[in-house]
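Enquirer: Working from the sequences, and respecting the hints, build out all of it.
So the sequences go chain by chain: B and R. So the first sequence is numbered by this note's numbering: it starts at 1 and just counts up by one. So the second sequence is numbered by this note's numbering: it starts at 336 and just counts up by one.
Treat the hints with caution; some may be incorrect.
To be verified - Straight-line alpha carbon distances no greater than 25 Å define the calculated BS3-like cross-link-like pairs of lysine-lysine that follow: (1) B/Lys-227 to R/Lys-753; (2) R/Lys-388 to R/Lys-629; (3) R/Lys-792 to R/Lys-781; (4) R/Lys-365 to B/Lys-152; (5) R/Lys-471 to R/Lys-365; (6) R/Lys-663 to B/Lys-227; (7) R/Lys-792 to B/Lys-228; (8) R/Lys-753 to R/Lys-796; (9) B/Lys-106 to B/Lys-2; (10) R/Lys-753 to B/Lys-160; (11) B/Lys-227 to B/Lys-160; (12) R/Lys-781 to R/Lys-727; (13) B/Lys-227 to R/Lys-792; (14) R/Lys-796 to R/Lys-781; (15) R/Lys-360 to B/Lys-160; (16) B/Lys-160 to R/Lys-365; (17) R/Lys-674 to R/Lys-663; (18) R/Lys-360 to R/Lys-471; (19) R/Lys-666 to R/Lys-753; (20) R/Lys-753 to B/Lys-228; (21) R/Lys-853 to R/Lys-781; (22) R/Lys-796 to R/Lys-853.
No lab work stands behind these hints, which were simulated from the structure alone. Because the structure is a prediction, the values reported are computed rather than measured.
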Amino acid sequence: MKPQDLICPKPDGLYCPPGGFYIDPVQPVDRAVITHGHADHARAGHGVVAATPETLAIMAERYGEDFAGRRHPVAYGETFTHNGVEVSLVPAGHVLGSAQVVVRWKGMTIVVSGDYKRRRDPTCPTFEPVPCDVFVTEATFGLPVFRHPDDKGEIAALLKSVEQFPERSHIVGAYALGKAQRVIRLLREAGWDRTIHVHGAMDRLNRLYERHGVDLGPLAPATTGNKKDFEGAIIVAPPSALADRWSRRFPDPVDCFASGWMRVRARARQRGVELPLILSDHADWDELTATLDELRPGEVWITHGREEALERWCELQGLPARALRLVGYDEEEGE
Amino acid sequence: MRAFAHLLDRLSLTSSRNAKLTLIKDFLAKTPDPERGWVLAALTGALSFNAAKPAFIRKAVESRMDPQLFAWSYDYVGDLAETVALVWPARPGANREPDLSEVVESLRTASRAEVQRLIEGWLDALNADGRWALLKLMTGGLRVGVSARLAKQACADFGQVEIGQVEEVWHAMTPPYGDLFAWLEGRSEQPSPDAPGRFRPVMLAQAIDEAVDFEKLDPNDYAAEWKWDGIRVQAVSERGERRLYTRTGDDISATFPDVLEALTFEGAIDGELLVLRDGAVASFADLQQRLNRKTVDAKQLAAFPAGIRAYDLLLEGETDLRGLPFAKRRKRLEAFVAKAASPRIDLSPIQPFATWQELAALRADPPAGDPAIAEGLMLKRWDSVYEPGRPKGPWFKWKRDPRLIDAVLMYAQRGHGKRSSFYSDYTFGVWREDETGTRHLTPVGKAYFGFTDEELKQIDKFVRDHTVERFGPVRSVRADMEFGLVFEVAFEGLQRSTRHKSGVAMRFPRINRIRWDKPSREADELTTLERMLD
Numbered sequence: 001m002k003p004q005d006l007i008c009p010k011p012d013g014l015y016c017p018p019g020g021f022y023i024d025p026v027q028p029v030d031r032a033v034i035t036h037g038h039a040d041h042a043r044a045g046h047g048v049v050a051a052t053p054e055t056l057a058i059m060a061e062r063y064g065e066d067f068a069g070r071r072h073p074v075a076y077g078e079t080f081t082h083n084g085v086e087v088s089l090v091p092a093g094h095v096l097g098s099a100q101v102v103v104r105w106k107g108m109t110i111v112v113s114g115d116y117k118r119r120r121d122p123t124c125p126t127f128e129p130v131p132c133d134v135f136v137t138e139a140t141f142g143l144p145v146f147r148h149p150d151d152k153g154e155i156a157a158l159l160k161s162v163e164q165f166p167e168r169s170h171i172v173g174a175y176a177l178g179k180a181q182r183v184i185r186l187l188r189e190a191g192w193d194r195t196i197h198v199h200g201a202m203d204r205l206n207r208l209y210e211r212h213g214v215d216l217g218p219l220a221p222a223t224t225g226n227k228k229d230f231e232g233a234i235i236v237a238p239p240s241a242l243a244d245r246w247s248r249r250f251p252d253p254v255d256c257f258a259s260g261w262m263r264v265r266a267r268a269r270q271r272g273v274e275l276p277l278i279l280s281d282h283a284d285w286d287e288l289t290a291t292l293d294e295l296r297p298g299e300v301w302i303t304h305g306r307e308e309a310l311e312r313w314c315e316l317q318g319l320p321a322r323a324l325r326l327v328g329y330d331e332e333e334g335e
Numbered sequence: 336m337r338a339f340a341h342l343l344d345r346l347s348l349t350s351s352r353n354a355k356l357t358l359i360k361d362f363l364a365k366t367p368d369p370e371r372g373w374v375l376a377a378l379t380g381a382l383s384f385n386a387a388k389p390a391f392i393r394k395a396v397e398s399r400m401d402p403q404l405f406a407w408s409y410d411y412v413g414d415l416a417e418t419v420a421l422v423w424p425a426r427p428g429a430n431r432e433p434d435l436s437e438v439v440e441s442l443r444t445a446s447r448a449e450v451q452r453l454i455e456g457w458l459d460a461l462n463a464d465g466r467w468a469l470l471k472l473m474t475g476g477l478r479v480g481v482s483a484r485l486a487k488q489a490c491a492d493f494g495q496v497e498i499g500q501v502e503e504v505w506h507a508m509t510p511p512y513g514d515l516f517a518w519l520e521g522r523s524e525q526p527s528p529d530a531p532g533r534f535r536p537v538m539l540a541q542a543i544d545e546a547v548d549f550e551k552l553d554p555n556d557y558a559a560e561w562k563w564d565g566i567r568v569q570a571v572s573e574r575g576e577r578r579l580y581t582r583t584g585d586d587i588s589a590t591f592p593d594v595l596e597a598l599t600f601e602g603a604i605d606g607e608l609l610v611l612r613d614g615a616v617a618s619f620a621d622l623q624q625r626l627n628r629k630t631v632d633a634k635q636l637a638a639f640p641a642g643i644r645a646y647d648l649l650l651e652g653e654t655d656l657r658g659l660p661f662a663k664r665r666k667r668l669e670a671f672v673a674k675a676a677s678p679r680i681d682l683s684p685i686q687p688f689a690t691w692q693e694l695a696a697l698r699a700d701p702p703a704g705d706p707a708i709a710e711g712l713m714l715k716r717w718d719s720v721y722e723p724g725r726p727k728g729p730w731f732k733w734k735r736d737p738r739l740i741d742a743v744l745m746y747a748q749r750g751h752g753k754r755s756s757f758y759s760d761y762t763f764g765v766w767r768e769d770e771t772g773t774r775h776l777t778p779v780g781k782a783y784f785g786f787t788d789e790e791l792k793q794i795d796k797f798v799r800d801h802t803v804e805r806f807g808p809v810r811s812v813r814a815d816m817e818f819g820l821v822f823e824v825a826f827e828g829l830q831r832s833t834r835h836k837s838g839v840a841m842r843f844p845r846i847n848r849i850r851w852d853k854p855s856r857e858a859d860e861l862t863t864l865e866r867m868l869d
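Expert: Next comes the structure, spelled out in structure tokens:
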């Protein structure tokens, strides 16, 4: 049996012919398994959706209660069988609820990891490696230049800047699902116990995280109060809000952007970011290669990102690899 | 090295002058000697190495990693030092990060062969940011937008002294500036500024307010001379040291060996650096060919011969003249320049006048020749002493009225810092007719000031409401015969340019007025602009 008999790339996403389901399809399908709640992976309008309870909650929050015909909650470590194909979900360490999909059939194991990272994240359980025949990996940061530094140092740089410029406000651009809550949680761990102001677009996801046991500390909307009230304040907002008229209410803001792309200085310059914070929810080059090294799967499939460099690395390591060139997954927004 | 790298990063991404000052001042306060001194030297360009050629760095990294992976990485990042800093496959073993002082000390004594081994060892020990700073320094490519003037201001802020005091002693100091910091921290007296060839802080003029100032001023009290369109410099030759400084004290001697050679006197001249051909002033564009170069070749020296048109004499022999009135200094200057008898040094002539009206007429209609391309006039009180800074009253500048055209807004770009949520940088164009007789807008310049905060808000709204296309931070705005926003643009001069599609380049353009009332089709034609060419 070939791995392609169990999982194969189709225009709508990864498809499992014997199980009759898709993983993270980009078009509405009858049966879907969803790795995590980011919009390019989790879309509305499927028939049955199997995902972790957290991911289902995120989808309901974003798309409304009727986002799918039926929800099939699967907790981490739980296994269900469909048409003889065993499916289980294992932590991926990307955002709250994110999971790798482990598919087993006739003695073959394929792990579709979705988006993942290997380092600790205070808002979700850490990635668990699962031995497999085929490991399907992302490659968002699949270039040797992407080596994310320790997150403590990045948060320290932000707090140092707040101390240096007490008369200015600091706006941290962070993706609303996952990154924003991680930034807030990391600030709390670093001892910042003052109120953090948040953009309205993040409110509901923040509350959802809190319902799932992630304590974000005192939060307040960024829309009330005078300019003066925001001196020395930290404000968390979606990246697009930095350039928006919305940011004018704050005193001489220092534009910060929490993203793995900030590793490359030209990227920070292009966006007019004054304080880049290299904080990523994706595996960096070292994590990608260390994961493949650790798992040593029979084959590596690369879904999206900078696949040519990771393919090249596999070739040098003697690991059979192929790029699936799936379309529809947005590299930039999730960061 | 990490703290240094962090400082460099913050400085390079910060456009606000005040924020830069805060960053440098804080760094100086928190970093011990001699590290902070070396960092200050690195920031001001007083410390540069050519220890590592790009080819060596490339070879070193390719011996450690797959060249194909490196090539893709370099392709993506686009900057060699940054790419190598990021991808560097560190060998374990080195675990103590060098600081900048250690790097400087080691390089001073190392042989060429040792240097390469040292650099590889440092790259192994540093993190990505530290490696980046090190490589930028080693390849001589540290560009973070910090002028010597800004660094001096930060020192002055740090020590809570006047910047003039820092400038006085600056050129007597050498890295790592232990004496300077001891003084700034109140641990010792102000160091002696008595170093031969040092810079003397410059006296600047206030802009005259025609509406109020002339009523109060007596023409008999003032000397008038042309304000030449070059860069203000100070040329010093003292006890064998020859230096050429900008008005902020940046040492540009290396760029102008031809001028330096002409300083055969003992003294310090204040004057205008110009390209002088047979005693005639060339355009600013010619001078620009000579500015900001680290090295200068014989071809340029011949094509763009530089010289100084002298305004003032600060030092004659060993005598400091700055306490004398301008009239006396001027007499001495005239004799001094005559004695120097160099084709590269001439005298800025005094323009006699009896009344302000007479002077106004001269300014409005300067005689042909050099005055026709002067920026305007300077007024100096005959009894004024040479006082650093910009005192109100003794000296005035009276610039020529700017040239004006009406142009149409074509593109807008987001600003930085306080203006990062505003479209505040505007590219504007004028009409040009093509072979078929159709009129198109062709961009002729870019301006980002000249409007009030309230006007900025209005233009920003206009840009957002009439965006046609977006390219990253730039928006293209609707501008055609039927619709568009007209700016009255003021500028100082206009030159032919092969780099611009329109064939012209404006000097110092700014928005003079927003013509909400004017239909776009009535904006100016390129031919109007071409007639204004200098």
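Enquirer: Hint by hint, say whether it matches the structure.
Expert: Tested hints:
This hinted pair checks out: B/Lys-227 and R/Lys-753 have alpha carbons roughly 13 Å apart, not beyond 25 Å. As the CA atoms of R/Lys-388 and R/Lys-629 are separated by approximately 17 Å, the hinted pair is consistent with the 25 Å bound. Of the supplied pair hints, the one linking R/Lys-792 and R/Lys-781 holds, its CA atoms being roughly 18 Å apart against a limit of 25 Å. Note on R/Lys-365 and B/Lys-152: the hinted pairing holds, with a Cα-Cα distance of about 21 Å set against a maximum of 25 Å.
For the proposed pair R/Lys-471 and R/Lys-365, the alpha carbon gap of about 23 Å is at most 25 Å, so the pair holds. A distance of roughly 56 Å separates the Cα atoms of R/Lys-663 and B/Lys-227; the hinted pair therefore is violated under the 25 Å criterion. Distance check on the hinted pair: R/Lys-792 and B/Lys-228 sit about 20 Å apart at the alpha-carbon level, within 25 Å; holds. Proposed proximity of R/Lys-753 and R/Lys-796 is supported: the alpha carbons are some 17 Å apart, at most 25 Å.
For the proposed pair B/Lys-106 and B/Lys-2, the alpha carbon gap of about 11 Å is at most 25 Å, so the pair holds. A C-alpha spacing of about 20 Å is found between R/Lys-753 and B/Lys-160, which places the hinted pair at or below 25 Å, so the restraint holds. Restraint check for B/Lys-227 and B/Lys-160: the C-alpha separation of about 22 Å stays at or below 25 Å, so the hint holds. Of the supplied pair hints, the one linking R/Lys-781 and R/Lys-727 is violated, its CA atoms being roughly 32 Å apart against a limit of 25 Å.
For the suggested pair B/Lys-227 and R/Lys-792, the alpha carbons sit about 17 Å apart, so the restraint of at most 25 Å is met. At roughly 19 Å between alpha-carbon atoms, R/Lys-796 and R/Lys-781 fall within 25 Å of each other, so this suggested pair holds. With a C-alpha separation of about 14 Å, the suggested pair R/Lys-360 and B/Lys-160 falls inside the 25 Å cut-off, and the hint holds. Note on B/Lys-160 and R/Lys-365: the hinted pairing holds, with a Cα-Cα distance of about 12 Å set against a maximum of 25 Å.
Between R/Lys-674 and R/Lys-663 the CA atoms are separated by roughly 17 Å; this keeps the pair inside 25 Å, and the hint holds. Between R/Lys-360 and R/Lys-471 the CA atoms are separated by roughly 22 Å; this keeps the pair inside 25 Å, and the hint holds. Our distance criterion of 25 Å between C-alpha atoms is broken by R/Lys-666 and R/Lys-753, whose separation comes to about 49 Å. Note on R/Lys-753 and B/Lys-228: the hinted pairing holds, with a Cα-Cα distance of about 15 Å set against a maximum of 25 Å.
For the hint pairing R/Lys-853 with R/Lys-781, the CA-to-CA distance comes to about 20 Å; that is within 25 Å, so the pair holds. For the hint linking R/Lys-796 to R/Lys-853, the alpha-carbon distance of about 18 Å falls within 25 Å, and the restraint holds.
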